[in-house]
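Undergrad: Residues in the sequence shown are numbered consecutively from 5, following our numbering.
Rather than coming from a laboratory, the hints here were simulated on the basis of the structure.
A virtual CB, placed ideally from N, CA and C, is assigned to each residue, including glycine.
Treat the hints loosely; a few may be bogus.
[Unchecked claim] Across the chosen pairs, the derived CB separations fall in these ranges:
| # | residue 1 | residue 2 | range |
| --- | --- | --- | --- |
| 1 | M5 | T148 | 43 to 53 angstroms |
| 2 | F23 | E130 | 43 to 53 angstroms |
| 3 | E137 | G223 | 38 to 48 angstroms |
| 4 | I356 | E218 | 19 to 29 angstroms |
| 5 | D49 | I205 | 44 to 54 angstroms |
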Amino acid sequence: MRSILLKNGRVWDGEQFRFVDILTEDGTISRMEGQICQNADFVIDATGRTVTAGLIDMHAHLKGISSDNIGAQAEMCCFPFGVTSVVDAEGVLGDKKLMDSFLVKSQVFVKVPIKKNEPDFDTVKEKLWIYGERAVGLKVYFDTGISEVLDCSPLEKICNFAEEHHLIVMVHSTNSPTPMCDIVKTLRKGDILTHIFHGGIHNAAEAGYQSLLEAKKKGIALDLGLEGFTHTDYSLFEESVRIGVFPDVISTDLTKVSLNTRGGKYGLPMCMSVAKKAGMSEEAVFRAVTSNPSKVLGIEKKCGFLKEGACADIAVLEEMPEGRFELMDMFGHSMQAKKGYQCVLTVAEGQIIYRSSLF
């Protein structure tokens with residue numbers, strides 16, 4: 005396995021920005037210190053760029069794992085965007101052998117079908133058995149357009165089932181039959197609320213963002229889940245950030261449709277750019293795609309941090325005009341920026357997997 009020396013970059017180690025060089029050997033980070041002078045197979049000058057722990061997309065939809073109408077090819081929707089760890093948020097196809105073949109690290113939230121306001125645990129148990137250790141949690145579509153859900157009673161049963169099986173619960177909150185505060189009351193510490201800034205009925209702005217404030221107090225992870233901007237009202241996002249409430253995790257909720265729109269630029273770096281434009285600090289943005297999701301998923305020893313002895317999963321990002329955007333949400337609110345983050349290099353387990361022509 006080749007050695008890599010990354011020099012002169014601004015390094016995000018999962019907790020802070022600092023200026024150090026990084027040397028990888030045998031798939032791990034062997035040294036992190038100022039001005040490393042050592043021969044390596046690849047010496048990369050990262051001047052003016054940010055070297056970060058490989059990004060974690062905690063909410064995406066992968067081909068062969070999610071349903072055929074939305075699943076995107078795993079490596080194609082990850083490595084060109086600096087993502088070295090990804091979680092499928094549906095898992096209806098049950099193909100663990102395919103996940104085992106992915107070069108990108110992968111886990112899955114298994115969908116819980118809800119019919120006549122009752123969760124189908126037989127289907128869930130079958131999928132959990134198939135996925136084994138890759139199943140990190142359960143995905144609940146608390147959405148009247150997708151599930152036959154009427155109130156929080158099925159969510160209570162799902163949380164009890166998850167408790168028994170040591171699983172996390174992720175709740176898709178768009179088109180909920182109940183106020184968001186009721187969902188928050190039902191979820192447990194460590195569970196995940198996604199699409200937190202969806203517009204329409206029962207959104208976070210009702211009761212002055214009390215639902216999100218309560219979620220923060222309770223230790224529920226708030227996931228942005230942009231989904232090509234279908235599930236996000238920019239005005240709610242910006243207002244929430246202004247009052248000091250912002251997502252713990254930034255994710256794409258990427259599908260094969262959103263992957264190929266906007267000139268093929270939709271991925272986690274664009275979502276990071278949107279979050280920064282909405283007013284989140286750069287530290288909060290980078291934390292939301294590295295250390296925070298690693299803690300939520302319980303994989304801190306594997307992903308989300310750059311430190312000596314850690315797996316050499318690394319992304320190099322640059323904020324450049326090629327990443328500019330002008331986006332419109334489904335409510336008619338626009339957001340634009342002249343520059344945006346772009347990935348120029350991705351290293352997975354010590355191997356250079358992606359390198360942009362711009363770098």
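Undergrad: How does the Cβ-Cβ distance of I356 and E218 compare with 19 to 29 angstroms: does it lie in that range?
TA: violated, 44 angstroms
Undergrad: Is the hinted range of 43 to 53 angstroms satisfied by the C-beta distance from M5 to T148?
TA: holds, 51 angstroms
Undergrad: If I claimed the Cβ atoms of E137 and G223 lie 38 to 48 angstroms apart, would that claim hold in this structure?
TA: This hint is violated: roughly 24 angstroms between Cβ atoms.
Undergrad: Between D49 and I205, does the beta-carbon spacing fit 44 to 54 angstroms?
TA: holds, 52 angstroms
Undergrad: So does F23 sit 43 to 53 angstroms from E130, Cβ to Cβ?
TA: holds, 51 angstroms
Taken one by one, the earlier hints fail for this structure at numbers 3 and 4, listed in ascending order.
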